Amino acid sequence: MAAQFLLAFVLLSITACATTQQANPVGRSGFLDDYSILQKGAGDSEALLRYVNPVADWKQYTKVMIDPVQLWMGEGSSLRDIPQEDRIRLTSLLFGQITKCFIGRLPDCS
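The sequence shown begins at 3 in our numbering and counts up by one.
One or more hints might be untrue.
What the hints assert, rightly or not - In silico DSS-like cross-links for lysine-lysine, where the CA-CA straight-line distance does not exceed 30 Å: (1) Lys61 x Lys102; (2) Lys65 x Lys42; (3) Lys102 x Lys65.
Said to hold, decoys possible - Between beta-carbon pairs, the in silico distance windows are: (4) Asp83 x Ala58: 35 to 43 Å; (5) Leu73 x Ile105: 36 to 44 Å; (6) Val57 x Gly78: 23 to 31 Å.
Calculated from the structure, these hints are not laboratory results.
Being a predicted model, the structure only gives us computed values, none of them experimental.
Just so it is clear, CB atoms sit at the ideal spot from N, CA and C, and this is done for glycine as well.
Required output: the full structure, derived from the provided sequences and hints.
Following this line, the structure appears as structure tokens:
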């Protein structure tokens, strides 16, 4: 079962940089303290909800830093059925795919 899940994840990760369809609405997980700061995304090309800092000066930024992927599981999450080793492997694979999407497009913060 874990091997099938891993294979499915790898296949999905290969298309991580491809255009995607709009996500289905989901409930609030409790990850954020205040959801009222989120705005609806504009059209199918954006997330359902997004946060935009109204006073951010984007021109001052010259680099991008991508933090490692973290897996957050709510109570009763079916992800708890996946062995810890596989969850670590999955987050590492996803981080690698995300990083590959930016290679050559944005400067590195190393």
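Outcome of the hint check:
Proposed proximity of Lys61 and Lys102 is supported: the alpha carbons are some 24 Å apart, at most 30 Å. Between the alpha carbons of Lys65 and Lys42 the distance comes to roughly 27 Å, so the proposed pair stays at or under 30 Å and holds. For the hint pairing Lys102 with Lys65, the CA-to-CA distance comes to about 16 Å; that is within 30 Å, so the pair holds. In this structure the hint that Asp83 and Ala58 lie 35 to 43 Å apart at CB holds, the actual value being about 40 Å.
Roughly 23 Å separates the CB atoms of Leu73 and Ile105, a value that falls outside the hinted 36 to 44 Å. Checked against the hint of 23 to 31 Å, the pair Val57 and Gly78 fails, with Cβ atoms roughly 39 Å apart.
Consistency with the previously given hints fails for numbers 5, 6, ordered from lowest to highest.
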